Each structure stands twice: as C-alpha cells, then as structure tokens.
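Engineer: Chain by chain, the residues run as shown.
Number of protein chains: 2
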Amino acid sequence: METTPPPDISFADLQAKIRTMYFDKDVARGVDGTFMWFMEEVGELASALRGTDKENLAEEFADVIAWLATIANVAGVDLSAALIAKYGHGCPGCGRLACTCPAEEKP
Amino acid sequence: METTPPPDISFADLQAKIRTMYFDKDVARGVDGTFMWFMEEVGELASALRGTDKENLAEEFADVIAWLATIANVAGVDLSAALIAKYGHGCPGCGRLACTCPAEEKP
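Note that the protein sequences, when read in sequence, are chains A and B.
Counting from -8, one number per residue, gives the positions in the first sequence under the numbering used here.
Counting from -8, one number per residue, gives the positions in the second sequence under the numbering used here.
Bear in mind the hints are in silico, worked out from the structure with no lab data behind them.
Only a predicted model underlies this, so the values are computations on that prediction, with no experimental measurement involved.
Be aware that one or more of the hints could be misleading.
Given that identical chains are not distinguished, each listed pair holds provided it fits within a single copy or across any two copies.
As the list claims (entries may be wrong) - Capping the alpha-carbon separation at 20 Å, the derived lysine to aspartate or glutamate pairs in DMTMM-like fashion look like this: (1) Lys8 - Asp69; (2) Lys16 - Asp44; (3) Lys45 - Glu95; (4) Lys77 - Glu35; (5) Lys16 - Glu96; (6) Lys8 - Glu35; (7) Lys16 - Glu31; (8) Lys8 - Glu46; (9) Lys45 - Asp23; (10) Lys45 - Glu35; (11) Lys77 - Asp23; (12) Lys77 - Glu96.
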C-alpha cells in the first residue's frame, strides 16, 4: 500500500502566504512594532513549553514562526536562502552533517 | 529562456536536518537549556535588525529558526503540521487570505 506523505510547507511558501495575509499591516507597523508582537508570542511559547497542552504548544510554535516571517518580509530577508546559506551544508561550526562541536560551544 | 527557481527548503526538511546535526546534544541540554540559546539568538536578531549588515541579518534569522527547530525536535512538535493547521487556510483571526482583522488586534 502506498502511504501519503505528511503535509509539508516550504519557507518560501510560508513567507509568501504571510505576505499575502499581512504585508500591508506589517509595513504600517514597521520592524520595531512587529518585533514587539513577535516577543509576545515568544513568551507564550515559553509558557506552552512548561505546560502539557500539546495542541496549544504546536500553535505557539506556528505563531512564533509566522511573526518571524512577518519581520523577514518587512526587513526584506529571504528565509529559505538564509537557511540554505547557513545550514544547508552541515553544522556552521564544524562543517559536519552530525555536529561534532564541543557541547559547551555554539551551536 | 527558462529561469531557475530560487532555492527553497521545507520545514520538514529543515527539522530533519537540524535533528541529524544536533539532536543528541539537544536532548542532553533539554528544552530549558535550549530555550536559553534560542533567546540569545533572538537578541542577536534584534541587534542585526537595528544595523545595516544585510548578510549578518540573514544569518541571524537563520539562527533563530534553527534554534526554534531544535526546541521543536526536543518537544516533539512537527512544525510543518503546526503551520498548516494554523495558517494553511488563511488568517486564523478572520479566515481571509488577505487579513481584514482590525489593525490593533492580533495578528
């Protein structure tokens, strides 16, 4: 039997979707105002990570990423390109696919 | 002439890549310790947003997303599924593809 792959979404797709939904408001609010909303969601994520509600936890991750995409849109950053440049060829610290950097070092 | 589409990466791909690179360390560090690293990157993103170095700004976005993916791996959250559930069908507030929620309301 064939299995259906789980649904997936790319960073370019998400960024375009968030742009369609919110770009006019995002630009009016600007980077600083948008960052405040982002930080509020980061706080909610911290709270959800301490809790036991897995559905709420998933929602808070989605909200944090949506606000990051919003800031990226206002700041003119392509998230896919940024991720591929930094993490597309292994750990930026040691260059390995499975990181061998010392545990106390970033990342 | 054909044009090459810009490179793209999906959330499932990124989460799998980050898992391969860092999962053993991430689990040893746990959610709380990982969240501290994430917050440090959020601070660096704030700093980069105030600056003029676009390359550094893109890197800081990549780092914040990488640490979010790390926390999601440790917490057992599927980011693609979370995003599709919350933002896959339009604005979660008003349900429209281009949001018509009042500007002072979330999101």
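Engineer: Each hint should be assessed against the structure and marked as holding or not.
Structural biologist: Status of the hints after comparison with the structure:
For the identical chains of this complex, lysine 8 and aspartate 69 are neighbours both inside a copy (13 Å) and across copies (19 Å), given an alpha-carbon limit of 20 Å. Taking CA atoms no more than 20 Å apart as the test, lysine 16 paired with aspartate 44 passes in neither setting, with 31 Å inside one copy and 25 Å between copies. Proximity of lysine 45 to glutamate 95 under the C-alpha cut-off of 20 Å is found in neither arrangement, the shortest distances being 30 Å within a copy and 28 Å between copies. Taking the shortest Cα distances, lysine 77 and glutamate 35 sit within 20 Å of each other only across copies (15 Å), while inside one copy they are farther apart (28 Å).
Taking identical chains as interchangeable, the C-alpha atoms of lysine 16 and glutamate 96 lie at most 20 Å apart only when they sit on different chains, with a minimum of 11 Å there against 39 Å within one chain. For a Cα distance limit of 20 Å, the shortest separation of lysine 8 from glutamate 35 qualifies neither inside one copy, at 23 Å, nor across copies, at 26 Å. Taking CA atoms no more than 20 Å apart as the test, lysine 16 paired with glutamate 31 passes inside one copy only; the shortest distance there is 17 Å, against 28 Å between copies. Taking CA atoms no more than 20 Å apart as the test, lysine 8 paired with glutamate 46 passes in neither setting, with 22 Å inside one copy and 24 Å between copies.
In this homomeric assembly, lysine 45 and aspartate 23 come within 20 Å of each other (Cα to Cα) only across copies, at 17 Å, whereas the closest approach inside a single copy is 30 Å. For the identical chains of this complex, lysine 45 and glutamate 35 are intra-copy neighbours only, at 13 Å inside a copy versus 29 Å across copies, given an alpha-carbon limit of 20 Å. Within a single copy, lysine 77 and aspartate 23 get their C-alpha atoms no closer than 25 Å, and across copies no closer than 24 Å, so neither meets the 20 Å cut-off. With identical chains, the CA atoms of lysine 77 and glutamate 96 are at most 20 Å apart within one copy only, with a shortest distance of 17 Å there and 35 Å across copies.
Consistency note: the structure conflicts with the earlier hints numbered 2, 3, 6, 8 and 11.
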